[in-house]
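J.: Sequence:
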Amino acid sequence: MSVQCSKAEFGMCLADDALILLSNRVSNLQDFLTDTVCLLRETVTDLFLVCLTRLRIDILFRCGPAWRVEHR
Numbered sequence: 691m692s693v694q695c696s697k698a699e700f701g702m703c704l705a706d707d708a709l710i711l712l713s714n715r716v717s718n719l720q721d722f723l724t725d726t727v728c729l730l731r732e733t734v735t736d737l738f739l740v741c742l743t744r745l746r747i748d749i750l751f752r753c754g755p756a757w758r759v760e761h762r
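Going by this note's numbering, 746 is the number at position 56 of the sequence shown; the sequence numbering is gapless.
These aren't lab readings, by the way, just hints derived from the structure by calculation. If you're wondering where the values come from, they're calculated on a predicted model, not measured in any experiment. Please note that the accuracy of each hint is not assured.
As the list claims (entries may be wrong) - Restraint-style ranges between C-beta atoms, simulated for each label pair:
no., residue 1, residue 2, range
1, Val727, Asp707, 28 to 38 Å
2, Leu742, Phe722, 24 to 34 Å
3, Arg715, Thr743, 33 to 43 Å
Backbone N, C-alpha and C fix where the C-beta goes; we use that ideal spot for every residue, glycine too.
Sequences are here, hints too, so could you generate the full structure?
T.: Here you go:
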């Protein structure tokens with residue numbers, strides 16, 4: 691004995707499956723974008739700290755002890 695499904699029921703099943711797949715894809719994309727944004731934020735922070743450190747070193751060498759002696 692075989693089970694007969696109407697075309698409407700079959701179409702609804704396909705639509706449900708498609709929505710589930712789409713939802714999973716959106717969720718995966720959302721996770722990927724969240725991870726990417728976090729990684730970019732960490733990278734920008736690291737680059738900022740490196741630049742700030744280099745700037746401090748540059749200022750230290752340019753305006754270090756020699757600058758203090760000249761401007762007493």
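J.: All the hints need checking, so say for each whether the structure fits it.
T.: Results for each hint:
With their beta carbons about 31 Å apart, valine 727 and aspartate 707 fall inside the hinted range of 28 to 38 Å. At about 30 Å, the CB distance of leucine 742 to phenylalanine 722 agrees with the hint of 24 to 34 Å. Between arginine 715 and threonine 743 the beta carbon distance is about 42 Å. The supplied range of 33 to 43 Å therefore holds.
When held up to the earlier numbered hints, the structure conflicts with none and fits them all.
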